[in-house]
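I would like the entire structure built from these sequences, with the hints used as guidance.
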Amino acid sequence: MLNSSPGNTVIKSKLISRRMFLLTVGKAIVVVGVLGRLISLQINESKKYKTLSDKNRFREWKLAPERGIIRDYFNVDIASNRQVYQIHLIPENTQSIEEVFFRLKTILNLSDKKIFFLKKKIAKQKPWEPVIISDNLNWSEFSRINLFLHELQGIEPIVSIARKYEDNSSVHALGYVSQASAKDLKNKKYLKEMSVPGMAVGKTGLERRLDEKIIGEVGFQRYEVNAFGKRIKQIKVDPGKAGQNFKTTLDLEVQKYVTEILGDTAASVCVMDIYNGDIVSMVSSPSYDPNAFVHGVEKNYWQNLIKNEKKPLTNKALSGLYPPGSTIKTIVALSALENKIITPSNRVECNGKIEMFGEKFHCWKKKGHGVMNMRSGIKRSCDVYFYEVARRLGVDRLSITAKKFGLGKKVLNDFIEERSGVVPNTSWKKKYLGQNWYLGETLHSGIGQGYFLSTPIQLCLMTAQIANGGFEIKPRIIFDKEKNSLKEYLKFKNENPNEPLPAELLVSNFDLKPLFNNQENIKIIQDAMFSSSNEPGGTSYGSRLEDSKFTFAGKTGSSQIKKFTEEQREAEVKQESLDYKSRDHALFVAFAPYKDPKYAISVVVEHGGSGSKAAAPIAKKVIKKVLERHSLRQSVNNLQGDSI
Amino acid sequence: MFQPRSIQSSLSFRDKIFSIDYILVFSILILGITSMFAMYSTDGGEFKYHTESHIVRFSIFFIMFFILSFIQIRFWHSTSYLIYTIFFILLICVKYFGLTSSGSQRWLNLYFMNLQPSELMKIGLILFLAKYYHRISIENINKLKFLFLPIVVLVAPVLLVIMQPDLGTALLIAAGGLIVAWLAGVRAKFFTYATLLFITLLPVAISFLKPYQKARILTFLNPEKDPLGAGYQIIQSKIAIGSGGLFGKGFLNGSQSYLDYLPEKHTDFIFTLFSEEFGFFGSIFILVLYGIIILRIIKAGNVTRSNFGKLYCYSFASAFFVYVVVNMGMVLGLLPIVGSPLPIMSYGGSSMMAIMLGLGIVMSCRVYKDSPVN
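In order, the protein sequence lines correspond to chains A and C. Each residue of the first sequence is one higher than the last, beginning at 1 in the working numbering. Each residue of the second sequence is one higher than the last, beginning at 645 in the working numbering.
Source of the hints: derived by calculation from the structure; they are not laboratory data. What you are looking at is a predicted structure, and each value in this text was computed from that prediction instead of being measured. Some hints here could point you the wrong way.
With a Cα cut of at most 25 Å, we get these calculated DSS-like pairs of lysine-lysine [unchecked claim]:
| hint | chain 1 | residue 1 | chain 2 | residue 2 |
| --- | --- | --- | --- | --- |
| 1 | A | K230 | C | K692 |
| 2 | A | K14 | A | K124 |
| 3 | A | K203 | A | K50 |
| 4 | A | K562 | A | K366 |
| 5 | C | K833 | A | K27 |
| 6 | C | K893 | A | K236 |
| 7 | C | K692 | A | K14 |
| 8 | C | K833 | A | K230 |
| 9 | C | K893 | A | K14 |
| 10 | A | K50 | C | K692 |
| 11 | A | K14 | C | K787 |
| 12 | A | K233 | C | K692 |
| 13 | A | K233 | C | K893 |
| 14 | C | K1013 | A | K14 |
| 15 | A | K27 | C | K943 |
| 16 | A | K55 | C | K893 |
With beta-carbon atoms standing in for the labels, derived distance ranges [unchecked claim]:
| hint | chain 1 | residue 1 | chain 2 | residue 2 | range |
| --- | --- | --- | --- | --- | --- |
| 17 | A | R103 | C | F842 | 56 to 66 Å |
| 18 | A | E217 | C | M757 | 32 to 42 Å |
| 19 | A | K120 | C | M757 | 50 to 60 Å |
| 20 | C | Y693 | A | I39 | 28 to 38 Å |
| 21 | A | E151 | C | K692 | 52 to 62 Å |
| 22 | A | S96 | C | K692 | 29 to 39 Å |
Every residue, glycine too, gets a C-beta built ideally from N, C-alpha and C.
As structure tokens, this is what we get:
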């Protein structure tokens, strides 16, 4: 077996060398393969891998920006921000989530339901993304957490900022913010890049309308993190950009005052500057606490809000639809004058009812008003007079004038909750109901019933445009120093304190178009409204303000919910005796002061009974308050008109 | 062609010193020093446990390598079977007394170090077969009778190591043995038979694999399928190497490694770390060093006269090549992650010891190139 012969050894040696050569060739091929791979990874695809490496290395945590502040006309904060104490949990920093929750439960009173919800949330997101355990702790809870912090792995106490609303008075105008929902994130483009845990977005009102600008720009903290997600060092911090601040035309004092007067009644009040359309006040009641929504609304509170028959969540000023009732009579009269259907002195006799087109049309006064002309028709709100006027005018001509003065279309446009109402005419009915117009319906329209539907803000605008002499204005709720024509107006007023504003100045400075053919007609209406509020027998005489500084001219209205039966009419059933839901809505529109009009107001009290009893007294108080603050408002405009 | 025996047997110390292959020695030294820097980087730029321990080990085993170089090649030849037997006994000891760590029983606690006999077996098997094929006559090599013993000495340790379980080392041991057989002249057809047998037995073998081993093989086939699970290592390693680019991120700046994205960075993935910090040029530097070392080992085989020496040197050179290539192929995503250290660079005493032992015998073949083995 053993072999040591030299010849054999040499043969073997040659065999080994030959085999080694073959092996070496094989190795060379393998080396080329390895080299090729190195070239491909480190040279050809290096860029791709550098990106991947950075993706590994850096992790960004987004920072919610500070929401812009909303102020009133006097630069008083209505919606601002406050510090809140929160605790966040970063799931990957904790050994056992169960244990952390167990500890938290004893420290914070976390409910099992909330823990279940949080766990579900944790399972859904990345382990390094913080979960907000509690977003609004009081100081004692927060300090207790800090005391036990060493036992709570993964828990981070955070001092953050959240929306704060000063009071409830402007809740409907402002709306509220709440955590962005999945739907928000999907539908709102500007939120795409902004998904920060716990970020609030505007849900209704101005908060929603201004959301894109007021929300600010998201910041971020970029950290270098290791493979276990632990932050090694901070690389970059961008605090983001606070949202834009906004100044509104609202007067918070008036807002509060109106809210106080309205209390728990289902009602709304709008006050508008008749020259520049600034909305001084827009209150809907009952109100609710917008702060309750910031950190997620409690179920009970929410249930109470949606079950409440007075509908506190609805902004009645913008989305409440009411038949305008007798407040439309100003427009009916104006339209008749403009179309030269009647003259102010044309007489109609009221016997309490008329029969026409085979139907009985009743006046609200059973005994009748006797002989009426235009002034007394408006003053005493005689229905029979307006049946006659409407009959002669026709609904189509009426609808043209009503639309001119702002009915039937959105006033503020940008509020998604605003509704446009209905100004009926023959083609409208054909289009939407597929039926022909009945002449009897013209008579109902003449007293603001039937198909007519309007919002309180529309009624306010209508009144404002009558009050300013018949010029179109564009109502606004965000202060705009560029188009603020009040300065010119005030300048003229200072120079000619007792003169009314001349039409030329109005037109040139306001860039407005007149809504009338003959301004005299507007004056006739204004005068008639004056008589209604300030002369005995006028429907709102009882709520008059005698001081000429405050004297207003107005028009009451009651919009019927249910038509009275003959028996009820005979029995002279009083509104107060009906059940709440069946009572008429009470309306009142006015402008003041009569001598030198500045503001228009509309008051709607749902199921208030009659305009003169329920709505006019509220208007009286509000008008006084607004006029008392008028000079203050002027001075602020002069001093701070440029600050926004 | 033959020199007088008298000259060979009386090498003076001076002769021995001069006949040492200094190119090989310096290449090993440079690679060792490079590995210290790499280890220093894995410790996050501080002198910590791994760095210190690696330096100590390298120093000790480098000296050992030097001492081994002066041992007569005759000694290695005569003790080959004994060395193999000792290593085999150690492997059996592992089975009964071995330490278990992360699910596999590989180490013997020798108090001053934890020895991994499977690493030593890489050298032991080569030595054994080099002697075996040196001794049998060329006519007998391909006789079935003479294939029996090589198969037994190869399969027995490989099975022991697979059972630890340590698939990577087992495959590398087997590769070493097969290389010797191939170089000795075993016909290609036998390798073909072996391959066919292996393929038929593969499904059976796979059923014996631990779940994590199966996962690794599946993951290799499609690493992106499970990026956070078993494919994580391959992906992160590729990212690290690729992001190193041409010049690397700089010493101590390898973000993938110091942020712990890189798994096993001290051991199997040390090349990844180096590549990330020193880029393509760094990778080439390491490749060139290994190239020089392997070529110098082959050179030693060329100059040594005995077939034992030639067989051993060529086999060790080839096995060494396989170790390097398997490790690099693994970290570059060309091969499945089987767990094999990069010679000299990787942290690990037994691997270092085995490689230095192997290199020492190579050097001895070179120094005593002309002396007969029996």
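Tested hints:
1. A:K230 with C:K692: holds, 22 Å
2. A:K14 with A:K124: violated, 69 Å
3. A:K203 with A:K50: Distance ~42 Å between K203 (chain A) and K50 (chain A) Cα, so the pair is violated.
4. A:K562 with A:K366: holds, 17 Å
5. C:K833 with A:K27: With a Cα-Cα distance of about 21 Å, the restraint between K833 (chain C) and K27 (chain A) holds, given a limit of 25 Å.
6. C:K893 with A:K236: holds, 20 Å
7. C:K692 with A:K14: violated, 51 Å
8. C:K833 with A:K230: violated, 57 Å
9. C:K893 with A:K14: violated, 48 Å
10. A:K50 with C:K692: Violated. K50 (chain A) to K692 (chain C) sits at ~29 Å, over the 25 Å cutoff.
11. A:K14 with C:K787: holds, 20 Å
12. A:K233 with C:K692: holds, 22 Å
13. A:K233 with C:K893: holds, 18 Å
14. C:K1013 with A:K14: Cα-Cα ~17 Å, so holds.
15. A:K27 with C:K943: holds, 16 Å
16. A:K55 with C:K893: holds, 16 Å
17. A:R103 with C:F842: 56 to 66 Å: holds, 57 Å
18. A:E217 with C:M757: 32 to 42 Å: violated, 60 Å
19. A:K120 with C:M757: 50 to 60 Å: holds, 51 Å
20. C:Y693 with A:I39: 28 to 38 Å: Check passed, 36 Å falls within 28 to 38 Å.
21. A:E151 with C:K692: 52 to 62 Å: Hint violated: Cβ distance 31 Å, outside 52 to 62 Å.
22. A:S96 with C:K692: 29 to 39 Å: Given range 29 to 39 Å: holds, Cβ gap about 30 Å.
Of the hints listed earlier, those the structure fails to meet are numbers 2, 3, 7, 8, 9, 10, 18, 21, in rising order.
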